[in-house]
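Taking the numbering used here, the leading residue of the sequence shown gets 22, the next gets one more, and so forth.
Treat the hints as calculated values from the structure; they're not laboratory data.
There are no misleading hints in this set.
Distance condition first, Cα-Cα at most 20 Å in a straight line; then the derived SDA-like pairs of lysine to any residue:
#, residue 1, residue 2
1, K94, S82
2, K134, R146
3, K134, L122
4, K110, E120
5, K192, I202
6, K134, A145
7, K70, A58
8, K135, R146
9, K70, D80
10, K183, A172
11, K183, D196
12, K134, I144
13, K69, D80
14, K192, L181
15, K154, D165
16, K81, V71
17, K70, S82
18, K154, L166
19, K149, D139
20, K183, V195
21, K135, A125
22, K192, G179
23, K149, A161
24, K149, L160
25, K94, I83
26, K154, Q164
27, K70, K81
28, K183, A171
29, K183, A193
30, K149, E159
31, K135, A145
32, K69, L57
33, K94, A84
34, K192, I182
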Amino acid sequence: MADLIALLAAAAEHAGGHEAAEPTVAGLGAGWFVALAMTTLILVMLWKKVPGVITSGLDKSIAEIRHQLDEAKQLRAEAEALRQEYADKIANAEREAAEMLDHARHEAEAIVKKAEADTTDLIARREKMAGEKIAAAELAAVQDLRARAAAAATAAAGSLIKARHDAGADKALVDQAIAGI
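Sequences and hints are given; from them, build the entire structure.
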């Protein structure tokens, strides 16, 4: 363990100094190898047509997004048309309901007027019939009264004639009637 601590202390002393050695291969430093690796990577990507694949993928994504946007616009237009259609149907239904209500009111008024007219006619007919019945009853009563009066007068005349005329008065009347012939 003591050896490890000694090594770490020695490394710490040499770490910040400029006298540290930079590893190189054939005189080329680490930066040169990084640049060479990046250039090789870019050339391999160009040779394998990676930018074309990337742009075609992006173009496909753009086309897909445009297609989805077009579908969304079409769906929105259809929804707007459907909303307008239902708004028109609601307006038509409200108008038809108002017309039906107005028509029903007019019919009810006509029915009431007809019922009033029919009632007036019925009352007039019944009054006329009652008047005719009363007149007929009065006429019957008058005729009955006349018949009774005539019967009573006949009976009274008969009883007066019986009481005042005897056989001698009858003979004089018969003689007078024969003489008049």
